[in-house]
Amino acid sequence: MADVALQPDRVGAAQPARKRSSLQKALKRKSTAAFLMTLPLIILIALLVLYPAFYSLHLATLNKSMQRFVGLGNFEFLFKRDTFWLVVKQSCIFAITAVFFKALIGFIVAHFVHNIPAKGQRKWRGMLLVPWVIPPAMSTLAWLWLFDPSYSAFNYTLSFFGIGPIPWTGDAAWARFSVILVNVWYGAPFFMIMYLASLKSVPDQLYEAAAIDGANWWQRIWYVTLPMMRNIIAITTLFSLIVTFANFDIVRILTAGGPLDHTHIFATWAFRIGIEGSDIPLGASVSLFMVPILAVAAIFILRDVNKRGNEA
Amino acid sequence: MADVALRKVVKRYDDVEAVRGIDLDIADHEFIVLVGPSGCGKSTTLRMIAGLEDISDGDIMIGGDVVNDVPPKDRDIAMVFQNYALYPHMTVAENMSFGLRLKHYPKAEIKARVTEAARLLDITDLIDRKPKQLSGGQRQRVAMGRAIVRNPKVFLFDEPLSNLDAKLRVQMRIEIKKVHQKVRTTTVYVTHDQVEAMTLADRVVVMNKGKIEQIGTPNELYHKPATRFVAGFIGSPAMNFIPCRLEDVGGTLQIRLTDRIAFALPPARAARYNALPRTEKLLLGIRPEHLTESHAHHGPGVESFDTVLDVTEPMGMETLVYFGLDGTPVCGRVDPNAGATDGAPMRLAMDLNNMHLLNEATGVVL
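So the protein lines, in turn, are chains A and B. Take the first sequence: its letters are residues 1 to 312, numbered as in the working numbering. Take the second sequence: its letters are residues 1001 to 1366, numbered as in the working numbering.
Just so you know, these hints were derived from the structure itself, not from any lab. Wrong hints could be hidden among the right ones.
In silico lysine-lysine, DSBU-like type, Cα no more than 35 Å apart, as pairs [said to hold, decoys possible]:
hint : chain 1 : residue 1 : chain 2 : residue 2
1    : B       : Lys1111   : A       : Lys200
2    : A       : Lys119    : B       : Lys1111
3    : B       : Lys1103   : A       : Lys200
4    : B       : Lys1132   : A       : Lys200
5    : B       : Lys1132   : A       : Lys30
6    : A       : Lys200    : B       : Lys1182
7    : A       : Lys200    : B       : Lys1073
8    : A       : Lys200    : B       : Lys1153
Since this is a predicted model, take the numbers as computed values, not measurements.
Input sequences plus hints: build the corresponding full structure.
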């Protein structure tokens, strides 16, 4: 529309002042207007995303006192340290296990909620979302008390069955289990609500057609539900993978990376080194290491989504 | 292939009775159409036959076996849905073969059946496409193909043409009829469109408010409706209902429509209605095609009268004329060359040989 309306204007102003008219033209072009209108957002992103990103890149190339440029020296140093590889391994275990169980539990609970009659459904939906809406710093404190080795509700309850006391945060394996458990508890409702929305968008008649075609409940999930939810599952998983990988508060509060660094993940270890150990360039290097790992995951998952985007 | 029988079938939702005791026998190879306005229980009935809805009371039999508690997959039926319900992530061939693959048919047989069905429905070229790449009519064919490859005992159609535009609907209607002529599977077809019902069915079941109003061949329903509902529902434009009463004038039975207009009944009709009390409130049911322009010479039983037209609707092959008789709107069908114009007086003829007389209170055709 706009382009057509501008044409007489362009013809009239073409000959006399060439330079001015081309500036006018540029200003009146649709893309220029669009650029100007998005400029505030671009500036905001530049300030809040690009600047910190490049600044941390810059930081990662400095020495501990931030006086001297050391190039990739920090990374070389990291690669030689066993703790770094321990953190890499733990971050991967933490993120993948937690995301898997969040997705699985979210999927199952979403099915349960989906099958509740509409009248009671809102109530359940609301209650099941509670873990996700409480600030994790607060809820993790509650979990910390539940995990307390001597007074906690968990160990007290288990003592009736002759089990325990379990060192929830004291033993490396149990501590890893505990942080994953709390992360799953906190994150599963997000999956539940995403999957529920996606489930609701699957037409009932597809299930009816499948039922008539002879599919049992498992085949209905495998051949109808999962393919229909593929994109949502992919995007939710990617999103959660990023957030879980970068998780800080739960591990920090529950174990602070202990015992003996056995629950540290990138963010908590970067904090330990950078802030508590006053080696900000090294901390920046640690946190930057997440980028390539997540980028690879993002490329794989999003490529799949794009491929199928036009299907349904 | 099998017959289907419904015995006192009831469907209750909490306190609402959607289907209120239906008895229906569908013969093997028969094409039955359930027709009625929305909310009449026709879709619910179909879904109960499919097993997608539990039945609250009564029995449903397929091939002589009571299937009340048999799940849909074991009833050996196939259903075509209004919105096709094709699996969007599968190709046409995969959609059609899904049921067979679940039942672990040999690959060669699946391929043979899909190819045959695709040929029958003329969708061989589309076999590798996904539903999204198909038009509405093509999707409908695929949905039918999915039903055909299963070679079920019964086909169930739930308003399969409602999502298509008018032209395509006529075309697909013919396709469905052709397919049934070739495959001869017992078919139950639900629609709210009486034209579809009339054109497709061996027998039509007219439903209203959860009950069967009448079962009959299309011609029976059209010419011998049992109730006011059927008379008004079948046929377009709908039958006119004009309040009237019977009177005896000089030994002949007359029907009085207005103070001005009264006609002597033809002898056959007079004999049929003679026993009715003269005080009873009655309705004259007359189809628009039996209200035509008046000619000089009419056969017996055709009576002329003068009226003033309100509106005319030229349809090409005919012109619909609308006028009032004592405030009752009436529609007639006249020749396009009969000179009918809006607001003009016109002499019309009513063919009383094709009249119906209804009890106004009960709606029963007498």
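Hint by hint, where does the structure go against what was stated? Just the numbers, ascending. Violated hints: 2, 6; rest satisfied.
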